[in-house]
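2 protein chains.
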Amino acid sequence: MSQFDNVSVVKKANVYFDGKCVSHSVLFADGTKKSVGVIFPSTLTFNTGAPEIMEINGGRCRVRLKGDADWKEYGAGQSFAVPGNSSFDIETLELLDYVCHFGN
Amino acid sequence: MSQFDNVSVVKKANVYFDGKCVSHSVLFADGTKKSVGVIFPSTLTFNTGAPEIMEINGGRCRVRLKGDADWKEYGAGQSFAVPGNSSFDIETLELLDYVCHFGN
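So the protein sequences, as listed, match chains Y and D.
All residue numbers for the first sequence refer to this note's numbering, where the first residue is 382 and numbers rise by one.
All residue numbers for the second sequence refer to this note's numbering, where the first residue is 382 and numbers rise by one.
Simulated from the structure, these hints should not be mistaken for lab results.
Same chains, same names: a pair is fine if it fits in one copy or spans any two.
DSBU-like cross-link-like pairs, simulated, lysine-lysine; straight-line CA separation at most 30 angstroms: (1) K453 / K392; (2) K453 / K401; (3) K393 / K453; (4) K414 / K401; (5) K453 / K414; (6) K414 / K393; (7) K414 / K447; (8) K392 / K414.
Sequences are here, hints too, so could you generate the full structure?
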């Protein structure tokens, strides 16, 4: 599935970390929310409120979840889950194209 | 209107000019298309196929349409029209948050 249908899109972008991360919010009829975005090469720490699933559409990154010692690498077609009220470190090696699913 | 309703959103981002411009495509039931995106501070030249209206939601830029001698400045709440099969130079002074309306 290359697109989301029957959704609302917030016009204004979400810009984080001085522009290293740019996303747009996508709202679904059932009240759930996702974001579609990119992360430029960088090493960042993201905090979660709701649990998240990060789905990678392109690029490559290494991820370390809070409390984990090891980094795991992910690329196009892969995804990783992050618990709510937690955090993860992400080293983006090549421009990351992603969909973030909230509340999963 | 802060969002587009009943639309489709293409998951994969459009990344132009080495990441200086990032957008996502939004598809409407009537077959028209828009994109929501950002342009980082830079001076770029965009070519148009279809005519475009660039609606600025945030930031500030100076624009010179093809064939024009003068640059005009635009900020949040303003927009400018570009003919089809043409081009425009855009100097982004502050991170530009925009909606591009195609075929207008």
